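Using the sequences and the accompanying hints, generate a full structural model.
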Amino acid sequence: MKFSILSKGDQKSNEIRSKIKNYLSEFQLEYDEEEPDLAISVGGDGTLLEAFHTYVHRLDETAFIGIHTGHLGFYADWMPDELEKLIIEIARTPFQVVEYPLLEVTIRPQEEGEEDRFLALNECTIKTSEGSVVFDIEIKGDHFETFRGDGLCISTPSGSTAYNKALGGAILHPSLEAIQIAEMASINNRVFRTIGSPLILPSHHTCLLKPLNDRSFLITMDHITRTYKDVKSIQCRVAKEKVRFARFRPFPFWKRVHDSFVSDDYPN
9 MKFSILSKGD QKSNEIRSKI KNYLSEFQLE YDEEEPDLAI SVGGDGTLLE
59 AFHTYVHRLD ETAFIGIHTG HLGFYADWMP DELEKLIIEI ARTPFQVVEY
109 PLLEVTIRPQ EEGEEDRFLA LNECTIKTSE GSVVFDIEIK GDHFETFRGD
159 GLCISTPSGS TAYNKALGGA ILHPSLEAIQ IAEMASINNR VFRTIGSPLI
209 LPSHHTCLLK PLNDRSFLIT MDHITRTYKD VKSIQCRVAK EKVRFARFRP
259 FPFWKRVHDS FVSDDYPN
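Using our numbering, the letters of the sequence shown correspond one by one to residues 9 to 276.
Note that these hints are calculated values from the structure, not bench results.
Hints may be right or wrong, so weigh each one.
Cut-off 30 Å, straight-line C-alpha distance, at most; resulting in silico cross-link-like pairs (DSS-like, lysine-lysine) [said to hold, decoys possible]:
{"hint": "1", "residue 1": "K248", "residue 2": "K237"}
{"hint": "2", "residue 1": "K93", "residue 2": "K263"}
{"hint": "3", "residue 1": "K237", "residue 2": "K173"}
{"hint": "4", "residue 1": "K135", "residue 2": "K173"}
{"hint": "5", "residue 1": "K248", "residue 2": "K148"}
{"hint": "6", "residue 1": "K250", "residue 2": "K10"}
{"hint": "7", "residue 1": "K173", "residue 2": "K263"}
{"hint": "8", "residue 1": "K218", "residue 2": "K173"}
{"hint": "9", "residue 1": "K237", "residue 2": "K148"}
{"hint": "10", "residue 1": "K240", "residue 2": "K135"}
Quick list of simulated restraints, FRET-style, between CB atoms [what the hints assert, rightly or not]:
{"hint": "11", "residue 1": "T233", "residue 2": "I179", "range": "18 to 26 Å"}
{"hint": "12", "residue 1": "R198", "residue 2": "D18", "range": "48 to 56 Å"}
{"hint": "13", "residue 1": "S183", "residue 2": "Q19", "range": "32 to 40 Å"}
{"hint": "14", "residue 1": "F200", "residue 2": "E43", "range": "44 to 52 Å"}
{"hint": "15", "residue 1": "N22", "residue 2": "F269", "range": "23 to 31 Å"}
{"hint": "16", "residue 1": "T202", "residue 2": "I232", "range": "23 to 31 Å"}
{"hint": "17", "residue 1": "M9", "residue 2": "E92", "range": "12 to 20 Å"}
{"hint": "18", "residue 1": "M9", "residue 2": "V199", "range": "54 to 62 Å"}
{"hint": "19", "residue 1": "I179", "residue 2": "E92", "range": "31 to 39 Å"}
{"hint": "20", "residue 1": "R255", "residue 2": "E120", "range": "43 to 51 Å"}
{"hint": "21", "residue 1": "E138", "residue 2": "P260", "range": "42 to 50 Å"}
{"hint": "22", "residue 1": "A178", "residue 2": "T114", "range": "21 to 29 Å"}
{"hint": "23", "residue 1": "Q118", "residue 2": "E42", "range": "32 to 40 Å"}
Computed from a predicted structure; not experimentally measured.
Glycine included, every Cβ here is placed at the ideal spot set by N, Cα and C.
Put into structure tokens, the structure is as follows:
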């Protein structure tokens, strides 16, 4: 099996990265940064997001696993004091694969030109530095509402515990193939009227955002931010691709939620 390791870059994470690389190489596993079967993230959820986007072009071939060197995260199953156990598991045990749905974002320009397509593991946010964003929102081809406000957050189920939760969105289990749209400070008056609640769209429903004013947009896919001008539409839907996580032991999603937001004690 071929593996790669991405580190957060701090001293602790770099030391763990070196240990893993040395030990797995002693077990005759091959280190390959170009085409790994297993991408190991050492750091936090941000490091795993970086690993995801590094290998987003080969999601069918690369599975991901995380070691957390900070607080317990949603994508990092293992802690530094479990390193020896994890190395033995990777070297000797075929891992199980757990698949999570992803968000597909397609940005189309006003003039004829190439559209940009992205995949997000957590969410896409759409804002502007030029006042409010104003969109016509279509769902499954039909006009749903005209939105005016600070922006929108479109999240995956696994990303629903991140920015989406801070906006008052629901927490979705990753077994649900859906995306969620949460508003950022919407303006409601006699001209603009929004639903005011997060929307959860199933995999066969597409959301299309059509700008109604001439703005440049700050569009963020996970930790990657780009500026776009002359945008004709932004299409969001559940992607056909999925992310694959390597599991060597159960780590229930609701336990992660409980441990992160409620307390340290989880009933067996």
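Taking the hints in turn, this is what the structure says about them:
1. K248 with K237: holds, 27 Å
2. K93 with K263: Holds. K93 to K263 sits at ~21 Å (cutoff 30 Å).
3. K237 with K173: Within the cut-off at roughly 29 Å; holds.
4. K135 with K173: At roughly 18 Å apart (the allowed maximum being 30 Å), K173 and K135 satisfy the hint.
5. K248 with K148: Status holds; Cα separation ~17 Å.
6. K250 with K10: holds, 20 Å
7. K173 with K263: holds, 17 Å
8. K218 with K173: With a Cα-Cα distance of about 25 Å, the restraint between K218 and K173 holds, given a limit of 30 Å.
9. K237 with K148: Answer holds: K237 to K148 is near 25 Å, not above 30 Å.
10. K240 with K135: It holds: about 15 Å lies between the C-alpha atoms, which stays within 30 Å.
11. T233 with I179: 18 to 26 Å: The hinted range 18 to 26 Å holds for T233 and I179, with Cβ atoms some 25 Å apart.
12. R198 with D18: 48 to 56 Å: Distance hint for R198, D18 holds at roughly 53 Å.
13. S183 with Q19: 32 to 40 Å: Distance hint for S183, Q19 holds at roughly 38 Å.
14. F200 with E43: 44 to 52 Å: Between F200 and E43, where Cβ atoms are some 49 Å apart, the hint holds.
15. N22 with F269: 23 to 31 Å: About 30 Å separates the Cβ atoms of N22 and F269, which means 23 to 31 Å holds.
16. T202 with I232: 23 to 31 Å: holds, 27 Å
17. M9 with E92: 12 to 20 Å: With a Cβ separation near 18 Å, M9 and E92 satisfy 12 to 20 Å, so the hint holds.
18. M9 with V199: 54 to 62 Å: holds, 59 Å
19. I179 with E92: 31 to 39 Å: Because 33 Å falls inside the window, the suggested range holds.
20. R255 with E120: 43 to 51 Å: holds, 45 Å
21. E138 with P260: 42 to 50 Å: This hint holds: roughly 44 Å between Cβ atoms.
22. A178 with T114: 21 to 29 Å: Given range 21 to 29 Å: holds, Cβ gap about 25 Å.
23. Q118 with E42: 32 to 40 Å: holds, 37 Å
Consistency note: the structure conflicts with none of the earlier hints.
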